[in-house]
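Engineer: Work out the full structure, taking the sequences as your base and the hints as a guide.
Take 13 as the starting number for the sequence shown in the numbering used here and just add one per residue.
Treat the hints with caution; some may be incorrect.
Heads up, simulated SDA-like pairs for lysine to any residue below, C-alpha to C-alpha not over 20 Å straight-line [to be verified]:
1) Lys-61 with Gln-271
2) Lys-232 with Gly-300
3) Lys-276 with Leu-153
4) Lys-232 with Phe-296
5) Lys-326 with Ser-51
6) Lys-53 with Leu-292
7) Lys-168 with Asp-146
8) Lys-287 with Gln-229
9) Lys-141 with Met-332
10) Lys-142 with Met-332
11) Lys-149 with Gln-92
12) Lys-65 with Ala-283
13) Lys-142 with Leu-115
14) Lys-142 with Val-89
15) Lys-287 with Met-62
16) Lys-326 with Ala-136
17) Lys-266 with Gln-42
18) Lys-335 with Met-143
19) Lys-168 with Thr-305
20) Lys-170 with Ala-309
21) Lys-326 with Gln-316
22) Lys-108 with Lys-170
23) Lys-141 with Pro-111
24) Lys-168 with Thr-215
Note that these hints are calculated values from the structure, not bench results. No experiment lies behind these values; they were computed from the predicted model shown.
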Amino acid sequence: MNRSIDRRTLIGAGAALAASAALPTWAQGQTLRFAAVFSDKDIRADMMKMFAKEVEADYKLELHLNSTLFRQGTELVALQRDNLEMGNIAPQDFAKQVPAWSLLTAAYVFRDANHLNAFFASDAGAQMKKMVEDQVKVKILGPTFFGTRHVGLKPKKKINVPADLQGVKLRMPPGDAWQLLGRSIGANPTPMAYAETYTGLQTGSVDGQDNPLPNVQNMKFNEVMSQIVLTSHLVAFDLLTVNMKTWNAMNPQKQRAFQAAADKAIAWSTAEHQKREAELAESFRKGGLDVYTPNIAAFREHAQKVYLASDEAKTWPAGMLDKINAMK
Numbered sequence: 013m014n015r016s017i018d019r020r021t022l023i024g025a026g027a028a029l030a031a032s033a034a035l036p037t038w039a040q041g042q043t044l045r046f047a048a049v050f051s052d053k054d055i056r057a058d059m060m061k062m063f064a065k066e067v068e069a070d071y072k073l074e075l076h077l078n079s080t081l082f083r084q085g086t087e088l089v090a091l092q093r094d095n096l097e098m099g100n101i102a103p104q105d106f107a108k109q110v111p112a113w114s115l116l117t118a119a120y121v122f123r124d125a126n127h128l129n130a131f132f133a134s135d136a137g138a139q140m141k142k143m144v145e146d147q148v149k150v151k152i153l154g155p156t157f158f159g160t161r162h163v164g165l166k167p168k169k170k171i172n173v174p175a176d177l178q179g180v181k182l183r184m185p186p187g188d189a190w191q192l193l194g195r196s197i198g199a200n201p202t203p204m205a206y207a208e209t210y211t212g213l214q215t216g217s218v219d220g221q222d223n224p225l226p227n228v229q230n231m232k233f234n235e236v237m238s239q240i241v242l243t244s245h246l247v248a249f250d251l252l253t254v255n256m257k258t259w260n261a262m263n264p265q266k267q268r269a270f271q272a273a274a275d276k277a278i279a280w281s282t283a284e285h286q287k288r289e290a291e292l293a294e295s296f297r298k299g300g301l302d303v304y305t306p307n308i309a310a311f312r313e314h315a316q317k318v319y320l321a322s323d324e325a326k327t328w329p330a331g332m333l334d335k336i337n338a339m340k
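Structural biologist: Okay, here's the thing in structure tokens:
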């Protein structure tokens with residue numbers, strides 16, 4: 013009798029073990045919620061799917077895109093309150109809490125994606141990341157480049173210098189740093205959520221928006237615009253971020269693996285965005301939009317004057333702008 017019970021017990025235990033082994037690996041790991049403003053058609057959505065695959069042995073990554081979990085601009089506070097484990101956070105949101113970060117949101121600071129990545133890989137970049145870690149209490153894994161921001165307009169008015177944008181209602185994300193960016197290129201910035209921008213352009217609530225070309229395509233802004241002015245005023249990036257509670261719960265080996273997975277996914281996404289940008293300008297021209305380059309030197313000069321005269325410039329770390337300019 014006892015032998016029979018032991019056999020049944022062993023058989024049951026074996027079946028349970030087999031069922032456990034048949035489960036997807038991630039089903040046995042911790043769930044990490046990730047929130048972002050971008051849509052599931054964005055290259056960065058594929059970036060996060062790649063990242064999820066890399067870490068699935070330890071974590072199940074739950075993607076909440078298109079501001080479906082937290083509205084734009086509130087993700088950082090959610091991370092700080094442990095209501096969210098991972099987010100794609102705009103540098104402008106960090107600047108609200110760490111004023112020195114406003115330098116990294118200024119127009120014409122970074123030249124291209126390679127310059128951006130070189131900065132964040134440098135000692136100067138480490139200094140800025142540590143400010144966030146110490147003061148905001150979140151961990152930055154790396155910059156997620158998503159293109160170079162250009163001005164897109166519904167009116168057909170030709171734009172060559174910043175004065176031509178005077179009075180133009182340019183949709184910008186909410187926040188002082190974004191509004192300063194809009195003013196620095198001569199426009200009248202109007203705060204509006206990303207998800208509302210298509211309707212805003214359609215109804216005339218705003219005259220234009222500024223985004224990288226892949227975003228224009230993803231959100232179909234080209235359907236409600238007449239032109240794209242290649243102002244190249246901002247190398248656009250967010251920061252892939254994990255809350256400190258989640259990061260500190262990892263042992264050093266898991267932290268290294270987590271960071272390596274982020275590095276791999278970010279590098280792939282950057283390359284894809286660079287390739288996509290090169291293709292889209294011509295595609296939009298063929299689609300009927302007027303796509304042209306204005307007087308970039310005039311825009312850069314105007315933007316620099318606006319920023320250097322602003323209160324934000326007083327918060328910039330001494331010598332940091334010179335260090336960024338000197339990087340190749």
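Engineer: Against each hint, give a clear statement of whether it holds in the structure.
Structural biologist: Do the hints match the structure? See the list:
Of the pairs offered as hints, the one joining Lys-61 and Gln-271 holds, with about 15 Å between alpha carbons and a cut-off of 20 Å not exceeded. With a C-alpha separation of about 14 Å, the suggested pairing of Lys-232 with Gly-300 holds against the 20 Å cut-off. This hinted pair checks out: Lys-276 and Leu-153 have alpha carbons roughly 11 Å apart, not beyond 20 Å. Proximity of Lys-232 to Phe-296 is assessed by CA-CA distance (about 11 Å); at most 20 Å being required, the pair is judged to hold.
For the hint pairing Lys-326 with Ser-51, the CA-to-CA distance comes to about 36 Å; that exceeds 20 Å, so the pair is violated. Restraint check: the Cα-Cα separation between Lys-53 and Leu-292 comes to about 15 Å, which is no more than 20 Å; the hinted pair holds. Between Lys-168 and Asp-146 the alpha-carbon distance is near 47 Å, which puts this suggested pair outside the 20 Å criterion. For the suggested pair Lys-287 and Gln-229, the alpha carbons sit about 14 Å apart, so the restraint of at most 20 Å is met.
Distance hint between Lys-141 and Met-332 is fulfilled; the C-alpha atoms sit about 13 Å from each other, no more than 20 Å. Between Lys-142 and Met-332, the direct Cα distance comes to roughly 14 Å. Compliance with the 20 Å bound is thereby established for this hinted pair. Of the supplied pair hints, the one linking Lys-149 and Gln-92 holds, its CA atoms being roughly 7 Å apart against a limit of 20 Å. The suggested pairing of Lys-65 with Ala-283 holds, with an alpha-carbon distance near 19 Å, which does not exceed 20 Å.
Taken as a hint, the Lys-142 and Leu-115 pair is honoured in the structure, with Cα atoms around 15 Å apart against an allowance of 20 Å. Distance hint between Lys-142 and Val-89 is fulfilled; the C-alpha atoms sit about 18 Å from each other, no more than 20 Å. The hinted pair formed by Lys-287 and Met-62 meets the criterion: a straight-line CA distance of about 18 Å does not exceed 20 Å. Among the hinted pairs, Lys-326 with Ala-136 is consistent with the structure: their alpha-carbon atoms are about 18 Å apart, no more than 20 Å.
Pair hint Lys-266 plus Gln-42 holds up; C-alpha atoms about 13 Å apart against a cutoff of 20 Å. Between Lys-335 and Met-143 the alpha-carbon distance is near 17 Å, which keeps this suggested pair within the 20 Å criterion. For the given pair, Lys-168 sits about 15 Å from Thr-305 by alpha-carbon distance, which is consistent with the 20 Å threshold. Between Lys-170 and Ala-309, the direct Cα distance comes to roughly 17 Å. Compliance with the 20 Å bound is thereby established for this hinted pair.
Taking the CA atoms of Lys-326 and Gln-316, the gap is about 14 Å. The hint holds against a cut of 20 Å. In summary, the hint linking Lys-108 to Lys-170 is not supported, as the alpha carbons are separated by about 34 Å, beyond the 20 Å threshold. With a C-alpha separation of about 13 Å, the suggested pair Lys-141 and Pro-111 falls inside the 20 Å cut-off, and the hint holds. A threshold of 20 Å between alpha carbons decides the hint, and for Lys-168 with Thr-215 the separation of about 16 Å falls inside it, so the pair holds.
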